[in-house]
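Undergrad: Sequence:
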Amino acid sequence: MRSALFLLLSMLLMSHLALAEKSPVPLRVATYNLRMSAANDGADSWPNRKELVKSLVRYYDFDVFGTQEGFQGQLTDIAELPQYAFVGKGREDGKQAGEHSAIFYKKARLQLLQTGDFWLSQTPDRPSLGWDATCCNRICTWAQFKDLKTNKVFFFFSVHFDHQGVEARRQSGLLMVQKIKEIAKSAPIICVGDLNSTPDTEQVKTLQTLLRDAYQVTQQPAYGPVGTYNAFKLDALLTDRIDYIFVSPGIQVLTYAALTDSMRGHYPSDHFPVVADVVIP
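Mapping to the numbering used here: the sequence shown position 145 is 145, numbers consecutive.
Just so you know, the hints here were simulated from the structure itself, not pulled from any lab data.
Among the hints, erroneous ones may be present.
[Stated by the list, open to error] Straight-line Cα separation of at most 25 Å, BS3-like style, residue types lysine-lysine; simulated pairs:
| # | residue 1 | residue 2 |
| --- | --- | --- |
| 1 | Lys107 | Lys146 |
| 2 | Lys95 | Lys107 |
| 3 | Lys233 | Lys50 |
| 4 | Lys106 | Lys146 |
| 5 | Lys185 | Lys146 |
| 6 | Lys181 | Lys146 |
| 7 | Lys179 | Lys205 |
| 8 | Lys152 | Lys106 |
| 9 | Lys233 | Lys179 |
| 10 | Lys181 | Lys152 |
| 11 | Lys95 | Lys179 |
| 12 | Lys107 | Lys152 |
| 13 | Lys50 | Lys107 |
| 14 | Lys95 | Lys106 |
From just these sequences and the hints, can you work out the full model?
TA: Structural data, given as structure tokens:
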């Protein structure tokens with residue numbers, strides 16, 4: 001009798017373990033334009049927002065997220081959250097100067113294998129202004145990670161397209177496809193960023209020749225507003241989607257949301273963070 005009971009319990013345990021092994025392990029990814037640290041933002045300046053941003057990141061428990069517009073000091077502030085580390089260089093000198101398109105990752109979940117940066121220009125290997133952009137260098141930071149829970153290896157790209165140059169945005173879409181293929185090859189890919197472009201534009205459609213828009217392929221209906229830019233206005237119309245999460249075809253997107261959290265009448269940034277739970281094959 002004891003032997004039969006032991007055998008039954010063993011079979012139940014093995015069945016449970018087999019099911020657990022087959023259950024997908026989601027990765028929570030996000031993109032967040034932090035809004036640069038600008039003194040003329042007044043009540044919405046970075047010193048008044050940084051704890052809101054940190055609280056949001058902590059609460060929503062992102063595993064890996066790309067940022068845009070963050071200066072070194074802002075990134076250091078976010079890195080006060082002890083579970084995170086970040087990679088990325090400043091767009092002005094390839095060191096720390098200027099805005100970054102940094103990548104934060106949870107150290108207990110992801111192992112950084114390699115990282116790099118390139119500029120959105122005709123000379124992507126060095127700090128440079130591209131095409132008809134007039135004010136700013138633009139940079140993309142990428143990283144290769146190993147998921148310590150699943151042993152899956154994937155590439156993550158964070159980028160910020162120009163806000164003025166029409167040709168710069170168009171060419172940036174083409175360059176991103178070229179560089180992603182060159183760097184990641186056939187590996188799973190997540191690409192996030194502020195593209196300063198709506199979904200109907202050529203550059204977004206160019207990216208979709210390689211990657212899928214998480215908003216369009218999420219298994220659950222997208223949560224939150226369509227628009228992702230709020231200009232710090234609580235009554236913003238929120239019609240234009242310019243912040244994106246793209247994934248390669250094999251990656252499942254379980255959920256997608258634009259997070260509209262505010263506190264005491266203020267948003268943490270002039271963009272909403274966009275988040276998705278994904279499963280990497």
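Undergrad: All the hints need checking, so say for each whether the structure fits it.
TA: Consistency of the hints with the structure:
Of the pairs offered as hints, the one joining lysine 107 and lysine 146 holds, with about 11 Å between alpha carbons and a cut-off of 25 Å not exceeded. Proximity of lysine 95 to lysine 107 is assessed by CA-CA distance (about 22 Å); at most 25 Å being required, the pair is judged to hold. Taking the CA atoms of lysine 233 and lysine 50, the gap is near 18 Å; set against the 25 Å cutoff, the hint holds. Annotation: proposed proximity of lysine 106 to lysine 146 holds, straight-line Cα distance about 11 Å (limit 25 Å).
Annotation: proposed proximity of lysine 185 to lysine 146 holds, straight-line Cα distance about 16 Å (limit 25 Å). For the suggested pair lysine 181 and lysine 146, the alpha carbons sit about 19 Å apart, so the restraint of at most 25 Å is met. For the hint pairing lysine 179 with lysine 205, the CA-to-CA distance comes to about 16 Å; that is within 25 Å, so the pair holds. For the hint pairing lysine 152 with lysine 106, the CA-to-CA distance comes to about 15 Å; that is within 25 Å, so the pair holds.
Taking the CA atoms of lysine 233 and lysine 179, the gap is about 36 Å. The hint is violated against a cut of 25 Å. Distance restraint check for lysine 181 and lysine 152: the Cα-Cα separation of roughly 19 Å lies within the 25 Å cut-off, and the hinted pair is therefore satisfied. For the suggested pair lysine 95 and lysine 179, the alpha carbons sit about 21 Å apart, so the restraint of at most 25 Å is met. Straight-line distance between C-alpha atoms of lysine 107 and lysine 152 comes to about 15 Å, which keeps the hinted pair within the 25 Å bound.
A threshold of 25 Å between alpha carbons decides the hint, and for lysine 50 with lysine 107 the separation of about 21 Å falls inside it, so the pair holds. For the suggested pair lysine 95 and lysine 106, the alpha carbons sit about 23 Å apart, so the restraint of at most 25 Å is met.
Going down the numbered hints, you'll see the structure goes against just number 9.
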